[in-house]
Every structure is written in structure tokens, then in C-alpha cells.
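Engineer: Using the sequences provided together with the hints, build the complete structure.
Protein chains in written order, with our numbering: chain B, 48 to 187; chain Y, 15 to 376.
Since the hints were derived computationally from the structure, they do not count as laboratory data. For each residue, glycine too, the CB sits at the ideal point set by N, CA and C. It is possible that some hints are incorrect.
Claimed, not checked - Pair by pair, the computed Cβ-Cβ distance ranges are:
#: 1; chain 1: B; residue 1: Glu77; chain 2: Y; residue 2: Ser83; range: 45 to 55 Å
#: 2; chain 1: Y; residue 1: Asn246; chain 2: B; residue 2: Phe82; range: 44 to 54 Å
#: 3; chain 1: Y; residue 1: Leu126; chain 2: B; residue 2: Gln162; range: 19 to 29 Å
#: 4; chain 1: Y; residue 1: Asn246; chain 2: B; residue 2: Asn49; range: 49 to 59 Å
#: 5; chain 1: B; residue 1: Gln62; chain 2: Y; residue 2: Phe144; range: 37 to 47 Å
#: 6; chain 1: B; residue 1: Ser75; chain 2: Y; residue 2: Leu262; range: 15 to 25 Å
#: 7; chain 1: B; residue 1: Phe82; chain 2: Y; residue 2: Lys40; range: 18 to 28 Å
#: 8; chain 1: B; residue 1: His128; chain 2: Y; residue 2: Asp196; range: 32 to 42 Å
#: 9; chain 1: Y; residue 1: Tyr36; chain 2: B; residue 2: Phe130; range: 30 to 40 Å
#: 10; chain 1: Y; residue 1: Pro330; chain 2: B; residue 2: Phe130; range: 47 to 57 Å
#: 11; chain 1: Y; residue 1: Tyr191; chain 2: B; residue 2: Glu183; range: 32 to 42 Å
Said to hold, decoys possible - Stretch by stretch, here's where chain Y covers chain B in the computed footprint (C-beta under 8 Å, at least three residues):
#: 12; region: 52-61
#: 13; region: 77-89
#: 14; region: 98-108
#: 15; region: 125-133
#: 16; region: 169-177
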Amino acid sequence: MNRTERTRILIENGQHEALEFASQVINSHEVEIIFEPKEVLVMVKLRESARNSLCYLGEVLASEAMVRVEGKAGLGLVKGHHFELALALALIDGAYEAKLALSDDWDKVLVGLGQQLRDRQTLAACHLARSAVNFEMMVD
Amino acid sequence: MGYVAIKGGQAAIEEANRLVDYHRVKSGRYLDVETIKAGLKPLVDQVMSESSLYDEDLAALAIKQAEGSPEEAVFLLRAHRSTLPRMYYSETVDTRNMRVMRRISASFKDILGGQILGKSQDFRHRFLDFDLVNETDATVAKTIASFLDLAPEPEPLALTAIPKVIDYLAQQGLYHYPPLDDATPDDITKKSLSFPSSRSQRLQSLTRGQSGAVISLGYAELRGFGISNHPNIGELRVGMIPLEVQGLGREEPYYFGEIEVTEVECFVAKEVKDEQQQVTKTFDIGYGITFGHNETKTIAMSILDYSLEQNDKAHPTSNPEFVLLSIDSVESTGFISHLKLPHYVTFQSLLDGIRSIKEKKV
Chain B
48 MNRTERTRIL
58 IENGQHEALE
68 FASQVINSHE
78 VEIIFEPKEV
88 LVMVKLRESA
98 RNSLCYLGEV
108 LASEAMVRVE
118 GKAGLGLVKG
128 HHFELALALA
138 LIDGAYEAKL
148 ALSDDWDKVL
158 VGLGQQLRDR
168 QTLAACHLAR
178 SAVNFEMMVD
Chain Y
15 MGYVAIKGGQ
25 AAIEEANRLV
35 DYHRVKSGRY
45 LDVETIKAGL
55 KPLVDQVMSE
65 SSLYDEDLAA
75 LAIKQAEGSP
85 EEAVFLLRAH
95 RSTLPRMYYS
105 ETVDTRNMRV
115 MRRISASFKD
125 ILGGQILGKS
135 QDFRHRFLDF
145 DLVNETDATV
155 AKTIASFLDL
165 APEPEPLALT
175 AIPKVIDYLA
185 QQGLYHYPPL
195 DDATPDDITK
205 KSLSFPSSRS
215 QRLQSLTRGQ
225 SGAVISLGYA
235 ELRGFGISNH
245 PNIGELRVGM
255 IPLEVQGLGR
265 EEPYYFGEIE
275 VTEVECFVAK
285 EVKDEQQQVT
295 KTFDIGYGIT
305 FGHNETKTIA
315 MSILDYSLEQ
325 NDKAHPTSNP
335 EFVLLSIDSV
345 ESTGFISHLK
355 LPHYVTFQSL
365 LDGIRSIKEK
375 KV
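Structural biologist: The following block contains the structure:
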């Protein structure tokens, strides 16, 4: 599982698990906090479709933390004000970068959480499907 | 007449502020932030869009503090935003990756991926619902249950990677994709808007423009004060777009959340000359995108985008200086509000001038 998919699953459907994973890292490995969680802005860069040019849409508030796990830097970044989660994500990112054995067990959990997320989105898509337009041609 | 420094009014100002605090809660009732987020989503979206800062919690807090005034809430959020460091730029967002929650076209009936009405007030009768006066936890629970109890369609809709309507237009040879333009965009929050403006400056100004102003100028365009009298909505989408950054310079991007946006591509027919210099017709695209679910503003943005691209100063809505310098919420409300500030010296000077003219006439 790559970093993009991992962070997506943890943020969208694994916040409780992220805190649990982080506590495992803290309890068993050397951890250094590079900086504590803080609020930052992320400017959204967009490719618009009329001229295919780039523009800025606006800024998103996010929480950011950075740590070092066994000498490897880890980033925690999550939209909104979620300091505890940002720190947990940083520890997990660092743990993966340090290739800790712990992370092998996490992958199985993440696969399950990813499936749950897909199931939830599928159900939402089924509900939304009720509002899909079914045009009927009127024929003489 | 010389200038005279004066001071005073400090105690009165403190009391005026105290009155604001008192009147916000004088009924003994108050709104909490979660209630504002849950029940006033269009207002939260409007404030996020106009303040150019996406955060539902902060927008709801600003609305609470501003007692529901969008202009004041936007002012608060813009001020707060200026205290925060910008640490990242996102990876370039491609709205083709949107997880769509609503999608319609007014140009084609049958579009690949289908028309999905989603959540929309468009089809509601505009009658006041007096049942809402006596809404209770029980009636709310009943409304939720009645929706969830309905059997969902057995097959989910494909909501991601849906082809765009412009793809269909291109297949028909009626639209040609412009080449990718990777020029670094200008950022009006770092360097003030200047003229002639760049496309990125115009789009950034329009997307954070005051909703009423953008809509009114878009309407003026349609009423004959602009060059496109009736564009067609090629596609209107509302949905979630994933956001990623290149965290710590690593190859794999870092996902940090998703945001809701509204996107509109409007089609405008225009005359062009072909290779034989014969006049023919093709389509041009006006583009609109905003934070949150803001359909009317986004449609108006797409109209104004097209209009401003023509840079035809004979029409007010094609004049970037007129449009872009008029639509910003903080700038326009701030300048209008400054008229309330003491202008004693300038007004006395004006009076002196008028008196002097009158005396000379006598």
C-alpha cells in the first residue's frame, strides 16, 4: 500500500486506529518530536478545464506535526483542527519510513479499513442513484 | 484652516462593543458552532468561498460571532487567515477526480455517466414549511429514518472519473482542447491584482468574490451589458476533490483530506473564421469553481470568466478592472463602511469652499 492510499484510509476511516498505531510506536521506539502540532494553510492549486491553465482556488486549514522515528522523519498533515490525529499520522509516517516491523501488521488493518470505506461510499452511491434522471422519450 | 488633533470617544466605543456582546445573547439563547454547521450549510459554504479559506469550524464560528452577517464573517476569516502560515501548495487538482454528488447538463440530455440531481432546492415549491416551526428531535429522527429506510438502488453509480461533457463536445469536433499551460499561477494574496490581469488572477478574484456581486454582474452580462447573452450550462458538478501535498519531498504524495467544490463549464457559441476565411461557429468555454456548494455564484463566475477573457472594454462586464475591483467582499464593504468614519476635516474644507463661493456671489 502506498503512502497516498495509506493516509487517505487513515484520515477517512481510521482515525481511531491511527491513535492506536501511534501509541504502539511511542511505546516501543525512539521518537523525537521535531515540532508539535500546529495550524497551517495549504493553498489549493488547480488545473481549470476551459484553458487548461493553472490557478489558485483558495487555502485550506490543516493541522501539521513532524517527528523523527528511529532517525526517520515523519509528517502528519490533516485537513481541519485535529492536533492529536496530526501527531499520530506523523508517527505512523515516520514508522513506515523507518520500515518498522510494526507497520507490516498495520497493512492488514488498513486493507480492511479501506474495504469498509469503499463499502460506505458504495452505499452512498446507491442512495444517490435514486436521484439519477431516467429520461423517457415521448413517442406518438 | 489648520489641522487640529483631537481625541475622545474611547469610553463610548467600549460601550458600543459591550452593546454588541449584549444584543447577541440578550434573548438568553445562543447558537453553538455545531448547530450552525449542521443547519446553515449554504451560509457556511458562502463564507468559506468568499473568505477563500476552507474550514467549516472556523466559518461557523465566524458566522456566530458576526451574528449571521456574511460580510462580517468573511472579514473575520480573512483577518484570521492572515495570522496563519502557508506551509504547502497542494498537488495540482484535476476535477476529473471529483467524487460527484450532483451533476447536471443543460446542453445535452444524455451524458455519459448520467444526470444526477443529488441534493438540490431547484425542484422544491417555494412555500414556507410551517411544520419546521415545531421541529423536534423526534421529527428530525423521523425524517432521517424515512430517507435511510428507502431501499437504495441495487447498483451504485460510478461517481469518480466520470467523463466531462466537454469530452463529448470535443468528440463531435465542436471543441478543441487547449494545450496544457503549466505557467506558475499568480497569487493575488501575495501580490496585489494588477492590470492587465492574468487569467490566474481573474479566476482567483472571481472564486473569492462576494456572491451577490458576482451573481449581479453575471446577470448584467446576460441582460445585455456584456457580450454573451445566453450561455448554456455544459456541465455543473458538485462533489468532493481529494487533496494531496508532496510532504517531505517524498515521491509518493501525502493525502490530507477532501473538500467540497462546485464546478461549472458554460458553453458560449462564437463565430470564428476557418482556414478559407469563411465565418463558422464553434464553442468557447467559461469556467467557474468555488469552495462548497455554491451553484448560482459558480455559474455567474463561468459567465464572467468568458466575458473577461474577451477584454472588450466596450462592455462593463468584460472590463477586468471594473469587475475584479468591485467584487471583493472585504474591499467593497470596507470602502463603503469607511464612509462612516470621521471625515470632519475634509467635510469642513468642503463647507468652507461652498461658503466662500456664496460669499463671493453676494
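Engineer: Now look at each hint and say whether the structure bears it out.
Structural biologist: Structure-based check of all given hints:
With their beta carbons about 52 Å apart, B/Glu77 and Y/Ser83 fall inside the hinted range of 45 to 55 Å. Between Y/Asn246 and B/Phe82 the Cβ separation comes to about 51 Å, which falls inside the hinted range of 44 to 54 Å. Between Y/Leu126 and B/Gln162 the CB atoms are about 28 Å apart, so this pair conforms to the stated range of 19 to 29 Å. Between Y/Asn246 and B/Asn49 the C-beta distance comes to about 41 Å, which lies outside the given range of 49 to 59 Å.
For B/Gln62 and Y/Phe144, the hinted distance range of 37 to 47 Å is satisfied, since their beta carbons lie about 41 Å from each other. Checking the proposed 15 to 25 Å range against B/Ser75 and Y/Leu262 shows it holds: the Cβ atoms sit about 23 Å from each other. B/Phe82 and Y/Lys40 have their C-beta atoms about 43 Å apart, which leaves the hinted 18 to 28 Å range violated. Distance hint for B/His128 and Y/Asp196: a CB-CB separation of about 34 Å, consistent with the stated range 32 to 42 Å.
The hint said 30 to 40 Å for the Cβ distance between Y/Tyr36 and B/Phe130, and at roughly 34 Å that hint holds. For the pair Y/Pro330 and B/Phe130, the beta carbons lie near 48 Å from each other, so the given range of 47 to 57 Å is met. For the hinted restraint 32 to 42 Å between Y/Tyr191 and B/Glu183, the CB-CB distance of approximately 34 Å keeps it satisfied. Interface restraint, the region 52-61 of chain B with chain Y: holds (5 residues with C-beta to C-beta distance below 8 Å; minimum three).
Note: the region 77-89 of chain B has 4 residues with beta-carbon separation from chain Y under 8 Å; the three-residue rule is met and the coverage holds. For the region 98-108 of chain B, the stated coverage by chain Y is satisfied: 11 residues place a CB nearer than 8 Å to a CB of that chain, which reaches the threshold of 3. Note: the region 125-133 of chain B has 4 residues with beta-carbon separation from chain Y under 8 Å; the three-residue rule is met and the coverage holds. With 8 residues having a Cβ less than 8 Å from any Cβ of chain Y, the region 169-177 of chain B passes the three-residue criterion, so the hint holds.
Violated hints, listed in ascending order, are 4 and 7; each of the other numbered hints is respected by the structure.
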